[in-house]
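K.L.:
What follows is the residue order along each chain.
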Amino acid sequence: MVLKIFFPQCCNKADSGLLVGHWLPGQDSAVVLAVIHYPFIPGQVKQYIHQIRGQSGVDLAVLGSWSMPKEGQEGMESFLRELRTIFPQGRWLQLSREMGKIGFTCNVLPRDQNGKLVEQEKELEKVENDLEGKSGKDGRGWKNEEAGGEGKTKEEKTGEEGDKVIFVHYEQRKVMLSQLHPTDPPVPLTQSTSELRQVFGTVSQSESLFFLDKYDDSPVKLTHWQSEGREGSIIVELMKQASTPVCLLTAWILVLWTSLCNSRILNVFPLRFISSKLCSCVQLSYRTEHLQTVSSPTRATSHTDYMRKANIFMSFLLDVTLGLLLIYWLYRENRVGQLANALLPAADRVAKELEELLQWLMGAPAGLKMNRALDQVLGRFFLYHIHLWISYIHLMSPFIEMILWYVGLSACLGLTFALSLLSDIIALLTFHIYCFYVYGARLYCLKVYGLTSLWRLFRGRKWNVLRQRVDSCSYDMDQLFIGTLLFTILLFLLPTTALYYLVFTLLRMVVVMVQGVLQLTVDFINSFPLFALGLRVFRSYTLAEGVKFSVLCEEPGTPLHLMMDINPLKFSSVVQTYRTATYSCYPKDSWLALCKKLFLGELIYPWRHKTTKID
Amino acid sequence: MQNGEHFGMEDETYTDIDGKAISLECQSHSGFCREFTVSSAKVSISRVMVYTCAVWMTAYIIFFFTEVDHETLLVIGSLGVQVSSSYASGRESTDFIEMDKIKDIVINEAIHMQRVIYYLCILLKDPSDPSGVSSVVPLFQSSKPRLNCLVKVYRSCQEILAKC
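These protein sequences, in sequence, are chains A and B.
Heads up: the first sequence runs through residues 1 to 615, numbered per my numbering.
Heads up: the second sequence runs through residues 1001 to 1164, numbered per my numbering.
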């Protein structure tokens, strides 16, 4: 069996001492986490390890000894061998390295079944890389060389059946901070999880081991990744301190706001119905929910929770920034005033276009001959509506600029809010188109139902409501007569109604498309995982899809040395995994169902919000 | 009117029946001899060159980003198998499969377009069915070597897989 030792790069130049780590259960591997230096008292070491084991939950143990003797420290070897008896366990690793030499020796001392120590020495040499000498820095000089073929294993010198050793070097800090995807809920490191997951889990759960350092004044002196320089940032610490009161304040404000929203005054039926239809109200409630998640004082326990909070926070920041930019652009050159001044003429123009359209329909549209009387009735009816609408707009004209001004200010709550407000304003301004559509659709729908029913009568059949099927039926003579007459009338009036229906449905579709595009933009800003993408770009090791190995330069006949790098997640997977779930509006029906509804004249509401009820 | 004199260049622009601009030049050689020249816009060679270069450069850039330079298979006994392909742009895409998930490495036959080809692939274990295969990972997909090359790689891989 091949023994795999995961060795941190920071310990490559550590002073002699004991190796502390974890034997992975079920695999023939060990993860070295730190080196405890001399001088130490074995009792204190055992106590310390026991304490850390309790704190972190990782089954730490002393794996073996590490010796890198300096001048005047000969005779370490025998001393190290005696340590074996103090920390008894299954296998004992004796790794040693000599200063200035490229050599690295490793002895594996297994315990045989009789309980006696069976020594099985083999000398395996580890070849050091040229670049390490050049760079002079610890661990960062390993040359990554991809071997063109398979890795080689060493021939035993002793010829006995023994362990082959693979050294896998890993960068401790990166492995500790990274998260293997797909992130399952954290499971205890059992035998069934994969080896790599166990390695990552071990290192990240042993955080409490990395608090004490060899530079600290403690009975136990360790070397691990912190020894290369303490990691810390004043800004981060300050933000952590400041975040708690800010969170509490935000949470309190949100509680006030939600209680206001849910108060009885605002819960009267019409208001509630209207607010569920308006995009801006929906967006507001959605953002309130988000802020509640972010400002909750409990720390995020799992990785997914933490990423979710961070993504929501970043998207909120982005939103507000874009909103402020929009405000700056709008108010800089009094664009709001220009907009307000342009709005009235635009509304007038739309109304005029509609009037022309109706005049065209009342004539002979596209060369079709319409029923004159019905045409005139419908046309005049709609013209009167437009006239009412224009009067209404003119009535509102003095207030429009002020309204727009305040609406523009509301963009400071976020660009998404401004866009949803815009979508709502469009809906309000095109309300007459919506009304026309409803009238046309209802009329057409009535006509189609009438036609189908009378067609059945014409053929001598009837719809059986009880059995939900068409049955034959014998009608009276006068029933048949009137029915046929009505059928003929409806049939010949069908083109006129159908044309009006078609025209207004198309207009309505245009408005719906515009609203849909706005909603999609809002949705995109809401759900885009900015934080996750930022992490992927700047700290790609935190989101790991897997690992990649590269064989370090070695001489033939020596054991394998591998460098384990983190293979970061692909951008598309990042976006897919960390998308915030939104109330996204998506088409309610498939294209076929939509066409069928259009043909029958049923009212269509193509976009459905996930949380609201279906009409 | 003198010999060889041109009429005044009128500001009126002329076009042909398709709408393309043409120019009219009238030259009067003598009282009873006049010459008229109608010339149309030429397609300059520099324009043609620019367009051709743009098309070729676009094709090259697309090629540059999608063409595979070399593919590597790294087999580490008892740890796993690493498959990586590196592109002409220097980008590398790597995938590591742990030994626990690997059932075997085999040479398979496949019908590809109008031919029957051999390809080397890794069989992955099915967690629910110990003797089944959940998926197949084909190797050397861009280079598509022939059987003699595959057999060499296959024999080497089997040596390692057999040892652990």
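Don't take every hint at face value.
Okay, the calculated beta carbon distance ranges per label pair [what the hints assert, rightly or not]:
hint, chain 1, residue 1, chain 2, residue 2, range
1, A, ILE235, B, ASP1104, 52 to 58 Å
2, A, SER208, B, SER1086, 38 to 44 Å
3, B, THR1058, A, LEU594, 34 to 40 Å
4, A, LEU520, B, ALA1088, 52 to 58 Å
5, B, ASP1095, A, MET513, 37 to 43 Å
6, A, SER208, B, GLU1067, 56 to 62 Å
7, B, LEU1024, A, ARG332, 38 to 44 Å
8, A, HIS181, B, GLN1141, 21 to 27 Å
9, A, ARG332, B, THR1013, 40 to 46 Å
10, A, LEU594, B, LEU1124, 38 to 44 Å
11, B, LYS1152, A, LEU594, 44 to 50 Å
12, A, ARG335, B, VAL1043, 26 to 32 Å
13, A, LEU520, B, THR1013, 44 to 50 Å
14, A, LEU368, B, GLU1067, 54 to 60 Å
The set of hints was computed from the structure by calculation and includes no laboratory data.
Ideal Cβ positions, reconstructed from N, Cα and C, are used throughout, including at glycine.
K.L.:
With reference to the structure, classify each hint as holding or not holding.
P.N.:
Going down the list of hints, with the structure as the test:
1. Separated by about 53 Å at the C-beta atoms, ILE235(A) and ASP1104(B) satisfy the suggested range of 52 to 58 Å.
2. The beta-carbon spacing between SER208(A) and SER1086(B), approximately 40 Å, falls within the hinted interval of 38 to 44 Å.
3. One distance hint, 34 to 40 Å for the beta-carbon pair THR1058(B) and LEU594(A), holds here, with the actual separation near 39 Å.
4. As the Cβ distance of LEU520(A) to ALA1088(B) is approximately 36 Å, the hint placing it in 52 to 58 Å is violated.
5. Remark: the range hint 37 to 43 Å for ASP1095(B) to MET513(A) is upheld by a beta-carbon distance near 42 Å.
6. Between SER208(A) and GLU1067(B), the C-beta spacing of about 49 Å breaks the proposed range 56 to 62 Å.
7. Against the hinted window of 38 to 44 Å, the Cβ-Cβ separation of LEU1024(B) and ARG332(A) comes to about 53 Å, which falls outside the hint.
8. At about 24 Å, the beta-carbon gap between HIS181(A) and GLN1141(B) stays in the expected band of 21 to 27 Å.
9. Distance hint check for ARG332(A) and THR1013(B): the Cβ-Cβ separation is about 44 Å, which falls inside the suggested range of 40 to 46 Å.
10. Taking the beta carbon of each, LEU594(A) and LEU1124(B) are about 42 Å apart, inside 38 to 44 Å as hinted.
11. Checked against the given bound of 44 to 50 Å, the beta carbons of LYS1152(B) and LEU594(A), roughly 59 Å apart, lie outside it.
12. Against the hinted window of 26 to 32 Å, the Cβ-Cβ separation of ARG335(A) and VAL1043(B) comes to about 46 Å, which falls outside the hint.
13. Between LEU520(A) and THR1013(B) the Cβ separation comes to about 47 Å, which falls inside the hinted range of 44 to 50 Å.
14. Checked against the given bound of 54 to 60 Å, the beta carbons of LEU368(A) and GLU1067(B), roughly 58 Å apart, stay inside it.
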